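For the protein sequence lines, the chains are L and U, in the order given. Going by the working numbering, the first residue of the first sequence is number 63, and it counts up by one from there. Going by the working numbering, the first residue of the second sequence is number 192, and it counts up by one from there.
FYI, nobody ran anything at the bench for these hints, they're computed from the structure. This structure is a prediction, so every number in the text was calculated from the model and none was measured. Please note: incorrect hints may appear among the correct ones.
As the list claims (entries may be wrong) - Computed footprint of chain U on chain L; a stretch qualifies when at least three of its residues, placed anywhere within it, have a C-beta under 8 Å from a C-beta of chain U:
1. 140-147
2. 150-164
Claimed, not checked - Below, in silico cross-link-like pairs of lysine-lysine (DSBU-like), each with a Cα-Cα straight-line distance of 35 Å or less:
3. U:K193 <-> U:K358
4. L:K142 <-> U:K359
5. L:K142 <-> L:K130
6. U:K193 <-> U:K359
7. U:K358 <-> L:K142
8. U:K482 <-> U:K359
C-beta atoms are modelled at their ideal positions from N, C-alpha and C, and glycine is treated no differently.
Each chain, letter by letter, is given below.
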Amino acid sequence: MPPDALLSVRGVSRRFGGLLALSSIEFDVAPGDVFGIIGPNGAGKTTLFSCLVGALAPSSGEIWFRGKRIDGLPNHAAVKRGIVRTHQIVRPFRAMSVTENVAIAAHFGAGRRRGSDATRRVRDILERTGLASEASSLAGVLTIGQLKRLEIARALATEPQVICLDEVMGGLNPAEIQGAMTLIREIRDSGVTVLMIEHHVHAVVGVSNRILVLNFGQKIAEGSPQAVLNDPAVITAYLGDEAK
Amino acid sequence: MKFVRYAFCLASALFVLSAPFFLERGTLNDLWNLALAVTLASAWNILGGFAGQVSLGYSAFLGIGAYTTALLSLRGVDPFLTLPLAAVLAALFSVAIGLPAFRLRGPYFTIATIGVGEAVRVCAASVSFTGGSSGLRMPAGSFDFNHNYFSMMILAILTIALAAYVKKSAFGRALAAIRQDIDAAEALGINSTRFKLAAHALSAAVVAVAGSLYAINFQYIAPGSVFDFQLSLNIVLMPIIGGVGTLVGPVLGALIVSTLQIKLLSMPMLRDSFLFIYGGLLIFLMLFEPKGVMGIRDRVIAFFRRIARPRTGSADAA
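The task is simple: from the sequences and hints, build the whole structure.
Okay, structure coming up:
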């Protein structure tokens, strides 16, 4: 693994029965990156995130994070090491308030905040993610835009070094997408490395400095946003052979 | 409102602790049975309600407590000194079953616990040192009415206090997160297996101590009484009827179920019908109010709030 990489994925494959959802994926993420992951539906993007945080174990391959192997670690242990993910289909604790949702992450995440320290931290994160006005609302009554931000707020509250955002812009209107892009830049500027799966190619290109393209579980391209978008293999994957 | 609640709890505690000075023995026995039911329901609720892991194998812990106390008492140990050992043994056993069983989720976990409960009963009935299926009689002179009464009341009070403490603690919030979405809880750093094991052990220990007191109270135990599946079922029914996951629900459910049982047992015609009545009650609640009596209470409160504050638009959203 390169000496400057924060996260290194080496030959990671994941098999579901006869389906090879990920096939020998390799890439490195440097500290401070906003690393975009794009690809058509079913390309294996979410499976890749699940493997990174330990929600799924890779069938083979190695994942190195901060100089140690984390593949095979359970999800909660990976979080305590400093890598966390959000869910594409939001999974709030609906019977709890927004504050309680975030406080749990602050308490049990890598930060292990307690007492007034935790309270301050939670308030700060709600402010940053624009949820302060909903602090005492039940998570079950939020709009989809707010729920997406709650996913981000909870993940941030665990105090990660790497945050994996799984389609946090899905279902948002253009104004909300602008807000989400600003939030992602702020997260990067606060020193957290970002991996993001996103269908809005425009948005990914706008915030990422590197992009990985998956198709049918294979890595088909990796590089700067412009280079990746001009790659013939990527154009074929998105638009079909006719586009050439 | 908070003050009223504390005052009510304190008054109830004072009442049951002073009852032997003005109530007759028959009524005190009923109170003992109520306190046992409250203890079992509240203890089960820590795992089943707070963490959402519905176990139908709790008679195993009651039986372990009862047998620990009976076996040691027969060897000359003071019955009340056996309580800590009963708690520890049951907690250890709960971890031993929990490690494989908690890999299962939802109804699969529940079914596994039925198997464990039944297996323990069969084992207790077929090995010789437990007295086999004919059970064990406690040694003569091991019963003292006052000790027996007060220890059950104190256990019930401590169990409610423990449940209240757990619910408010960070541990309790982790259990609530696990109940609502176990994968999301894991994704935020919660070691769900460890918390489920801890909740299981805590409630198993309490139920085992209740089992010890059961042996002391009834002076005779057998696999058919303390390891009974019907008992496991009752332990689950009480919190469900009262309101799973709340503090008051299990207490309320225990009072309702035990009172029903005491009343029905005293009517020869209805003696065997209590299962029908529980079944009917359960079906009714599952269909119309899965949150039990506490859910009905919430609805009534919401109804009166709506009447008191008519149509301001935001009231519906809230």
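Proposed proximity, K359 (chain U) with K142 (chain L) (alpha carbon, max 35 Å): Since the Cα atoms of K142 (chain L) and K359 (chain U) sit roughly 23 Å apart, the hinted pair holds (cutoff 35 Å).
So if I understand the rule, the pair passes when the alpha-carbon distance is 35 Å or less; does K358 (chain U) with K142 (chain L) pass? 24 Å, holds
Between K193 (chain U) and K359 (chain U), does the CA-CA distance stay at or below 35 Å? 15 Å, holds
When I compare C-beta atoms, does the region 140-147 of chain L have three or more residues closer than 8 Å to chain U? holds (count 4)
Cut-off 8 Å, C-beta pairs, minimum 3 residues; does the coverage of the region 150-164 of chain L by chain U stand? holds (count 7)
35 Å Cα cutoff - pair K193 (chain U), K358 (chain U): It holds: about 16 Å lies between the C-alpha atoms, which stays within 35 Å.
Check the hint pairing K142 (chain L) with K130 (chain L) against an upper bound of 35 Å on the C-alpha distance. At roughly 13 Å apart (the allowed maximum being 35 Å), K130 (chain L) and K142 (chain L) satisfy the hint.
Straight-line Cα separation of K482 (chain U) and K359 (chain U) no greater than 35 Å? 20 Å, holds
Comparing the model with each earlier hint shows no violations; every hint is respected.
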